[in-house]
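**Student:** Chains G and V supply the protein sequences, listed in that same order. The first sequence lines up with residues 1 to 116 when you count with this note's numbering. The second sequence lines up with residues 1001 to 1213 when you count with this note's numbering.
Misleading hints may appear alongside valid ones.
Claimed, not checked - What the simulated footprint calls covered on chain G by chain V, stretch by stretch (three residues with Cβ under 8 Å from a Cβ of chain V suffice, anywhere in the stretch; the number is not a length):
1) 14-26
2) 56-70
Stated by the list, open to error - Cβ pair distances, simulated, as ranges:
3) G:Gly24 with V:Arg1139: 27 to 35 Å
4) G:Gly107 with V:Glu1181: 26 to 34 Å
5) G:Arg111 with V:Arg1132: 36 to 44 Å
6) G:Asp67 with V:Arg1190: 41 to 49 Å
7) V:Ala1134 with G:Arg111: 43 to 51 Å
8) G:Ala33 with V:Leu1192: 26 to 34 Å
9) G:Asp67 with V:Thr1006: 44 to 52 Å
10) G:Arg60 with V:Lys1194: 17 to 25 Å
11) V:Ser1111 with G:Gly24: 28 to 36 Å
12) V:Ala1045 with G:Val13: 18 to 26 Å
13) G:Val30 with V:Arg1190: 34 to 42 Å
14) G:Arg2 with V:Glu1126: 24 to 32 Å
It is worth saying that the hints were derived from the structure and are not from the lab. We put the beta carbon where it would ideally sit given N, CA and C, even for glycine.
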Amino acid sequence: MRTYVVEPQQIFVPSLLALLQESGCSIVRVQSALDPLDVVRAGPQMLFFDADTIDQAGTRALQFLIDSMPKLGVCVYARTAPGALKPRESTRILHVQKSASHETLLGILGRFTAGR
Amino acid sequence: MPLTTTKTRIFIIEEQALFGKALCQLLAAEPTFEVLGDLPRVDPASPPRVAADLIVLDLNGPSIDYGDEIARCRQVFGKARVCVLSTQLRPEVMQRCVAAGADAYLAKDVSPSELIRAVKTVAGGESYVDPRVAGSLLRKKLLSDGRYANDELSEREGDVVRLIAQGLSNREIGLRLCLSEKTVKNHVSRILSKLNISARAQAVVYAIRMGLV
């Protein structure tokens, strides 16, 4: 699954990419902030998004992508479920908690990518 | 006689499991560091049996009390230096952490090389603050002619905090300031958000510390 990653924590990026690749994702791009037009241009099948540093503009950008790319799967990686993001299609939007272990994340991501 | 080098023994408190492992890997690769392990949180009831020189402490979340967390860390790890990692770039959060005993304050999007530099600085007995946070604090201080402690709050919000500290309800504050109860409620929400606190009682503590009452 072609995956676009938005993760501002540079220290974490290598571990995250290894995890995503282990769960069957191929990485198309890694950015530290969400640029919706860049996501559209890259045309990924999944957006992996760290939502803990998101502001209102980021939430709007994410909603824009959810609305304008109906086949895009979105994996929201956050400490707690972000209330601002109301998934309309639960099969498209996955919330992954940051407290989850490597094995748990691998299982969740594997099932999500396999189901799409 | 063989040369001996003393490594800095580091323990990591990080709720984000994968990030914790990434931190362990990064710091363990540095020859002058020895990573003793990591835990998702500090529990004084069952402290880890490690003699750490330095703690890397992740502090995040809307309801967290930074002072309490750092105090708990100090209780468990004694004299170990404390290096706080946070997603917050707001200088007042950094100030609260430093006031509570943190030796360093870094944003979580810091680069690996900067994190290592910061940890080495702190291990050497000095303090370290993320330059973005320090710069922001300096700008605010210059703009406010040195009065930066409570200038986060507007004059009206300062009035509300003062009245909260006197034990008044939102309704009573509204009557006192000729505002509707809803407007007072909005002020209270903004105050809690600006001060990064979750309860009126913490606003009272803030008001006392700032000399507002």
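**Student:** Can you tell me whether the CB distance of Gly24 (chain G) to Arg1139 (chain V) sits inside 27 to 35 Å?
**Tutor:** The hint (27 to 35 Å, Cβ to Cβ) is violated, given that Gly24 (chain G) and Arg1139 (chain V) are roughly 46 Å apart.
**Student:** Given a hinted range of 24 to 32 Å, is it respected by the beta-carbon distance of Arg2 (chain G) and Glu1126 (chain V)?
**Tutor:** violated (46 Å)
**Student:** Are Asp67 (chain G) and Arg1190 (chain V) spaced within 41 to 49 Å by their CB atoms?
**Tutor:** violated (31 Å)
**Student:** Is the hinted range of 18 to 26 Å satisfied by the C-beta distance from Ala1045 (chain V) to Val13 (chain G)?
**Tutor:** violated (35 Å)
**Student:** Counting residues of the segment 56-70 of chain G that have a beta-carbon nearer than 8 Å to any beta-carbon of chain V, does the count reach 3?
**Tutor:** violated (count 0)
**Student:** Is it true that Val30 (chain G) and Arg1190 (chain V) lie within 34 to 42 Å of each other by Cβ?
**Tutor:** holds (36 Å)
**Student:** Is the gap between the beta carbons of Ala1134 (chain V) and Arg111 (chain G) within 43 to 51 Å?
**Tutor:** Cβ of Ala1134 (chain V) to Cβ of Arg111 (chain G): about 44 Å, so the range 43 to 51 Å holds.
**Student:** Checking C-beta pairs, does the segment 14-26 of chain G have three or more residues closer than 8 Å to chain V?
**Tutor:** holds (count 4)
**Student:** When you take the CB atoms of Arg111 (chain G) and Arg1132 (chain V), is the distance between them in 36 to 44 Å?
**Tutor:** For Arg111 (chain G) and Arg1132 (chain V) the Cβ distance comes to about 39 Å; the hint holds.
**Student:** Take a look at whether the Cβ-Cβ distance between Ala33 (chain G) and Leu1192 (chain V) falls inside 26 to 34 Å.
**Tutor:** holds (27 Å)
**Student:** Does 44 to 52 Å hold as the CB distance between Asp67 (chain G) and Thr1006 (chain V), or does it fail?
**Tutor:** About 57 Å separates the Cβ atoms of Asp67 (chain G) and Thr1006 (chain V), which means 44 to 52 Å is violated.
**Student:** 28 to 36 Å was suggested as the range; check whether the CB atoms of Ser1111 (chain V) and Gly24 (chain G) agree with it.
**Tutor:** Given a distance of about 29 Å, which is inside 28 to 36 Å, the answer is holds.
Comparing the model with each earlier hint shows violations of hints 2, 3, 4, 6, 9, 12, 14; every other hint is respected.
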